[in-house]
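K.L.:
What follows is each chain in one-letter form.
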Amino acid sequence: MCTTCGCGDKELVPVELHERILAGNDRIASHNREHFRESGVLALNVMGSPGSGKTAVLEATARLMAGMRLGAVSGDLATDNDARRLERAGIVAKAITTGQACHLDAELVHHALHDFPWKELDVFFIENVGNLVCPALYDLGQDSNVVVLSVTEGEDKPEKYPVIFKKADLVLVTKCDLTPYLEVDLAKLEDALARVMPEPRILRISARSGLGMEAFRDWVLSRRALLPGGKARPHRTLASGHEHGHPAAKDG
Amino acid sequence: MHEYSLVRAMVERVEAAVRENKAKGVHRLRVSVGELSGVEPELFRSAYEVFREGTVCAKASLDVTLVRARYTCPNCGRAFEPGEVLRCAGCDRAAHLNAGSDELLLESIELEVP
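Here the protein sequences line up with chains A and B, keeping their order.
Per the working numbering, the very first residue in the first sequence carries number 9; after that it's consecutive.
Per the working numbering, the very first residue in the second sequence carries number -4; after that it's consecutive.
Bound-form chain A, shown alone:
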């Protein structure tokens, strides 16, 4: 009540917050991040348009990193097709069906970790919902953001969607095997990236031909080496159907 004259008007009290509206999501993301770091698991948030080749990149990565334990959760509005593709490629995978939601958030990822053997992994891919807008807003607890952009999407995509590219630690320009059939100028595309990313890191790749895939693998390994104890710890090998490991194959 107004105490000056007793008129009965409500008193207004300003509360200064200066707080991120997604602070709740960020808290869960930090919790996820702590989990991943403690367990020496490299978590990568893979974002990009529908059809940009996110799943194909992961399949091709699995072919190159056969010795490492790879896992993935795959966000999809309605199906588990991507997760099944990843399983066939040898990646331990689980679908997160988001219904109408256009992005993954930290809670969806945290929830997916339950009854999923993420602690056993060397690299954990979080394949986001195909979308160049919404996923950029939500921290999931990843180590790095990988944005996948295919050569068929147009050279000006980075300038149309600056938010997601600004957040990218690495941009994979995919389907580069198609460039002879297209009128795409990759130098122009990379120039566009340099206008939205202060420190652009870009790899030209093709999941189909294998172009650039080794460079991507090396980038993944370099990120993993930066985890606490990541360099010292040899990566775990898959038991390839055996419950017991061969003594010679055991890590030293």
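Be careful, since some hints might not be right.
With a straight-line cut-off of 30 Å between C-alpha atoms, the simulated DSSO-like cross-links for lysine-lysine are [as the list claims (entries may be wrong)]:
| # | chain 1 | residue 1 | chain 2 | residue 2 |
| --- | --- | --- | --- | --- |
| 1 | A | 175 | A | 196 |
| 2 | B | 19 | A | 18 |
| 3 | A | 175 | A | 127 |
| 4 | A | 18 | B | 54 |
| 5 | A | 165 | A | 175 |
| 6 | B | 17 | B | 54 |
| 7 | B | 17 | A | 18 |
| 8 | B | 19 | B | 54 |
| 9 | A | 102 | A | 127 |
Since the hints were made in silico from the structure, they are not lab data.
Start from chain A and add chain B according to the hints.
P.N.:
Just chain B now, with coordinates in the frame of chain A:
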């Protein structure tokens, strides 16, 4: 359309503030939207108009301030033009983004106390 989930998160935060302060109502919210936050101020406003019905914010007005993105060289301080390559050629340094221009912030709430 992530604006609805953002508005929901904001209203939940306001509800918590109302409980903490034993407020009777909410008079006004002030939000700042960075140009590179990934949030469209108009969509945020219209999502708020729909979502606030039946919540503690039903009668609360919403002030939205847009924070323009501005890149500068951390060395010489030169401001970059929109669309410019984000590296200072003279200093060979990556451009820095101004604070708040990639954030969505709940700046303050005005609560009605009995």
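K.L.:
What are the numbers of the hints that this structure violates, sorted from low to high?
P.N.:
Result: no hint breaks.
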